[in-house]
Amino acid sequence: MQIKTVRDILDAEVLCGEEYLDQEVSSACGADLMSDVLAFVKDQGILLTGLLNLQVVRTAEMMDMKCIVIVRGKTPDEKLVDFADSRSIVMLRTPYSMYTACGRLYNDGLVGVE
Amino acid sequence: MEKIHLQYNVDGDDLTLAGEASSDVRRVLRQLGFDAETIRRAAICMYEGEINMVIHAYGGVIDVYIDPDSIEIIMADTGPGIADVEKAWQEGYTTASQTARDLGFGAGMGLPNMKRYSDFIDIETELGKGTTVKMIIKINS
Ligand SMILES: Nc1ncnc2c1ncn2[C@@H]1O[C@H](COP(=O)(O)OP(=O)(O)OP(=O)(O)O)[C@@H](O)[C@H]1O
Ligand SMILES: [Mg+2]
Numbered sequence: 001m002q003i004k005t006v007r008d009i010l011d012a013e014v015l016c017g018e019e020y021l022d023q024e025v026s027s028a029c030g031a032d033l034m035s036d037v038l039a040f041v042k043d044q045g046i047l048l049t050g051l052l053n054l055q056v057v058r059t060a061e062m063m064d065m066k067c068i069v070i071v072r073g074k075t076p077d078e079k080l081v082d083f084a085d086s087r088s089i090v091m092l093r094t095p096y097s098m099y100t101a102c103g104r105l106y107n108d109g110l111v112g113v114e
Numbered sequence: 001m002e003k004i005h006l007q008y009n010v011d012g013d014d015l016t017l018a019g020e021a022s023s024d025v026r027r028v029l030r031q032l033g034f035d036a037e038t039i040r041r042a043a044i045c046m047y048e049g050e051i052n053m054v055i056h057a058y059g060g061v062i063d064v065y066i067d068p069d070s071i072e073i074i075m076a077d078t079g080p081g082i083a084d085v086e087k088a089w090q091e092g093y094t095t096a097s098q099t100a101r102d103l104g105f106g107a108g109m110g111l112p113n114m115k116r117y118s119d120f121i122d123i124e125t126e127l128g129k130g131t132t133v134k135m136i137i138k139i140n141s
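Chains as they are written, first to last, in our numbering: chain A, 1 to 114; chain B, 1 to 141.
Keep in mind that the hints were calculated from the coordinates and are not lab data. Using N, Cα and C, we set each Cβ at its ideal position, and we do this for glycine too. Keep in mind that a hint or two might mislead.
Output of the computed footprint for chain A on chain B, the stretches with three or more beta carbons under 8 Å from beta carbons of chain A [what the hints assert, rightly or not]:
(1) 11-22
(2) 32-46
(3) 73-79
Extracted from the complex, chain B is given alone in its bound form:
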């Protein structure tokens, strides 16, 4: 299998669309025959990240690289950046708006979740410039 590259533009204005990209990646991974647990881990990581891009930033671009032993997800937004990354990692820490809370988000569980379900995660962020989250999910074998 050759390395597959998928790219998505995430619309920052439409909360109802958030998750489209994750849903598509999940579909592709199923078609490629990955095991259910790997697909679920990748889907959760990407979905949490995609929601964050919409509720905390203004959308952005997601690149996904799939090869037989790993899935790499790079989510780049041009949002406000994260002031205190240390805090952002903590369970329960959130700055989510009421609109996001009304949809069932804002528990401050997204980043801890992404950490739990990925094998590698790194955040690069600059105030006023944006945030890039990179995650790697290794395939269960």
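Chain A extracted, bound-state conformation:
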């Protein structure tokens, strides 16, 4: 699935990384615990999270993730968006809650990795 399809499914706003929306992702993960992401993520290209701090971007960077989705319409500050941008990571903001956002993506074929 292309990241722009993820954007559409989540009615999301693109905060940065507009130029990477054509990239393909095949699975996603939702987490607010960064150590869990570091422990269990395999090839998930997308991280859905409610956390807004630089370590979220760092974690995604270490895991080669392509896109971070901020759930529940929270607004990250400019510094965070710039940081994601500098790492060539797409940042999306969706109005949906974590549960709903994950459910919508899963329903449309973006699975998890167990």
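Once you've looked at the hints, dock chain B with the ligands against the given chain A.
For chain B with the ligands alone, kept in the frame of chain A given last:
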């Protein structure tokens, strides 16, 4: 390829900076053309260790030695040390502060992760003196 030595000072006061060193090593490994899986293993190990140096100690020094068949990471802090290393290895054991938890850390998964993704790991620690974690990641071939 000659053995490459990289050294980083990790600032113990600024949580937002934690991960800078790991990010730089990841960049160097990519430039050197290592495979993605090796880079990811090294990045996870070092990042977990770097976060620990900041959230549990007061920062310190990281030495990284890269040669064609292995990456060695030595992380030395002058923090409080670990009282019970046996416990520290267990999944879920944590003494992380609320500040660290708010950032998404403190699941007690860091050391188990480092063990899982490295080929060798050793901790030397002394209460009141500090902790040194040494890890070796062999290159996938
Ligand atoms: N460098 C260190 N100095 C002092 N104590 C440490 C250090 N590294 C780890 N510890 C101790 O070992 C415990 C377990 O570490 P570990 O990295 O596994 O989990 P954590 O850091 O608490 O949480 P997580 O890594 O999941 O975010 C820590 O909570 C802390 O008590
Ligand atoms: Mg840790």
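A quick look at each hint next to the structure:
1. 11-22: Our answer is that it holds, as 5 residues pass the Cβ test (under 8 Å) against chain A, meeting three.
2. 32-46: As far as the segment 32-46 of chain B goes, the hint holds, because 4 residues have Cβ atoms under 8 Å from chain A.
3. 73-79: Answer violated; 0 residues pass the 8 Å Cβ test.
Against the hints set out earlier in the document, a violation occurs for number 3 only.
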